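Chains A and B, in that order, are what the protein sequence lines are. Under this note's numbering, residues 1 to 174 are what the first sequence spells out, in order. Under this note's numbering, residues 1 to 384 are what the second sequence spells out, in order.
Worth double-checking, as some hints may not be accurate.
[Claimed, not checked] Between beta-carbon pairs, the in silico distance windows are:
#	chain 1	residue 1	chain 2	residue 2	range
1	B	Pro141	A	Gly137	23 to 31 Å
2	A	Ala158	B	Val152	37 to 45 Å
3	B	Pro39	A	Leu172	46 to 54 Å
4	B	Pro39	A	Val114	38 to 46 Å
[What the hints assert, rightly or not] Here are the simulated DSS-like pairs of lysine-lysine, each with C-alpha atoms no more than 30 Å apart in a straight line:
#	chain 1	residue 1	chain 2	residue 2
5	A	Lys106	B	Lys83
6	A	Lys138	A	Lys174
7	B	Lys349	A	Lys138
What the hints contain is simulated information worked out from the structure, not anything from laboratory work. Small disclaimer: the values here were computed from a predicted structure and weren't measured. From the three backbone atoms N, C-alpha and C, an ideal C-beta is built for every residue, glycine too.
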Amino acid sequence: MIGRRGAALAAMAAATLSLMAQPAAQAPAPGAAAAGAITVGGDVTKPLSLSADDLKAMPRTTVTVSEEGREIKYDGVLVGEVLKRAGAPLGRDMGGQAVASYVLAKAKDGYQVVFSLPELDPAFTSNDIIIADTIDGKPLFDYQGPFRLVAPHDKRGARSIRMLQSLDLVRLRK
Amino acid sequence: MRLLAIGVALVSAAIARAQTPVPWVWPSIPSNFARPRVPADNPMTVEKVSLGRHLFYDTRLSGNRTQSCATCHEQARAFTDGKGRAVGSTGAVHPRGAMSLVNVAYAASLTWANPSQTRLEDQALVPMFGDHPVELGLAQPGSAMLAALRRVDVYQRLMPRAFPGDADPFTVANVTRAIAAFERTIVSARSSYDRYHYDRDDSAISAEAKRGEQLFFSQPLSCFRCHNGFNFSGATDFAGRREGGSPEYHNTGLYNLAGALSYPPDNTGVYEVSRRPDDVGRFKAPTLRNIAVTGPYMHDGSIATLSEVLDHYAAGGRTVVQGPNRGVGHDNPNKSPIVRGFPLTADQKRDLVAFLEALTDVEALGDSRFANPWLASSQEDRWR
């Protein structure tokens with residue numbers, strides 16, 4: 001577990017949107033969220049589809065964010081860990097042309113956000129951006145989950161995309 | 001002699017305790033819910049809240065003794081009045097409806113369309129003394145009202161206890177401080193939705209309401225972008241927030257009149273204050289907590305039901321087909337880009353209404369601490 005209280009305080013310092021107030025998906029059938037999966041594709045060498053159980057079995061990271069006067073813990077897997085398993089150029093491979101890469105995250109309702117690849121690489125930054133599957137030890141709410149990308153250092157919550165469905169790596173220079 | 005000295009000391013201590021205001025704590029706010037921010041110059045005390053509650057329900061605060069604050073802010077209606085447009089003590093009709101006071105302590109700005117109104121203490125002066133329109137209709141500078149209050153035993157007890165440092169606590173400023181303090185106690189945090197969301201009681205709301213929640217927070221509908229945060233409203237503020245929320249106002253395409261002003265001339269929104277053309281039709285997104293009991297809706301009560309409100313947003317603006325306000329709201333030049341319209345089936349509309357109904361806080365609407373203290377059923381508060 002990586003307690004990121006400092007990050008939480010930084011987020012609280014300038015938060016103008018609650019993480020609760022993020023775009024989400026159209027209403028699926030009840031229970032459909034639990035059967036979700038995340039696909040990892042684009043310019044990766046080993047495209048993946050990760051189920052909820054797959055994520056549970058991976059190394060876990062907890063981040064704490066401040067929402068409207070209270071602290072909330074999200075638990076999940078570093079996005080960098082998932083990208084590494086998909087063969088994205090991270091760690092020693094992060095450099096040169098690989099720096100000119102970004103990850104497009106898409107939600108079930110069509111909402112999209114972008115992260116540069118270096119800001120998702122644990123070897124490059126201490127900003128622990130995770131794919132969360134629990135909130136305060138419980139499954140995410142239907143309108144959030146089953147997976148939510150949580151960027152605790154962002155001052156606004158707009159990139160903490162709810163109902164995450166896919167991550168696509170785009171390498172601008174190859 | 002020694003016993004006498006001890007007795008005197010005990011009595012003195014008791015008097016000192018009686019004269020020291022007791023800090024207010026919010027019994028109705030769960031531990032994981034935001035606390036209101038309290039102005040440094042108007043700390044919350046039990047005595048001040050009690051005084052404010054009596055004043056809030058007192059018709060001596062209107063010029064002709066026919067209305068109190070509670071006339072237009074009824075607890076059972078989440079402190080609204082069921083009217084599309086409020087009616088003042090002299091019969092003057094307000095261009096806008098009485099806003100809910102539930103969770104008003106969290107509002108970063110007050111009223112439908114005045115960004116400069118940010119303090120409850122200041123806002124209270126508007127209904128008391130305003131003449132455009134006349135609401136409570138008190139005469140400036142309030143001397144007659146204060147004289148009337150002085151003649152009441154309850155206030156002879158409450159005023160000095162609420163403001164113990166004042167040589168003469170009977171001032172208009174203290175009246176507004178006390179009313180503001182009472183208003184800050186009116187917190188709604190125990191709706192079915194809160195039990196679901198904060199207590200993780202998955203059975204607290206229906207499957208329909210959960211589907212409605214997902215629609216509410218979905219990208220195509222984007223309801224949450226204006227009604228955001230824990231209060232489902234425009235900008236909020238609370239204790240500990242490093243940056244206060246900035247007031248936000250939106251033109252939702254409710255009207256699109258021909259001519260220079262696209263909204264009815266008596267109700268132009270922030271434009272009335274700013275005189276900026278792009279502010280025509282911009283109003284605050286009110287809290288959706290208890291929205292099911294606060295109809296009719298919109299700033300002027302021109303939509304009767306929540307279902308019809310959803311029709312307005314699904315259409316990306318209302319079309320008024322006849323009369324002086326006819327026009328296609330969808331095409332209003334100032335309309336918020338968020339109000340684009342969206343497809344909505346009958347089932348989805350029912351789900352959304354179920355979600356909105358889950359925001360009703362029955363406990364707050366019946367909480368005796370917010371009720372009329374002058375009624376026989378609320379005598380417990382009269383000792384103060």
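Hints and how they fare:
At about 58 Å, the beta-carbon gap between Pro141 of chain B and Gly137 of chain A misses the expected band of 23 to 31 Å. A beta carbon spacing of about 53 Å between Ala158 of chain A and Val152 of chain B contradicts the range 37 to 45 Å that was offered as a hint. Roughly 52 Å separates the CB atoms of Pro39 of chain B and Leu172 of chain A, a value that falls within the hinted 46 to 54 Å. With their beta carbons about 41 Å apart, Pro39 of chain B and Val114 of chain A fall inside the hinted range of 38 to 46 Å.
The hinted pair formed by Lys106 of chain A and Lys83 of chain B fails the criterion: a straight-line CA distance of about 44 Å is larger than 30 Å. Under the criterion of a C-alpha separation no larger than 30 Å, the hint pairing Lys138 of chain A with Lys174 of chain A is inconsistent with the structure, at around 41 Å. For a cut-off of 30 Å, the pair hint linking Lys349 of chain B to Lys138 of chain A stands: about 29 Å separates their Cα positions.
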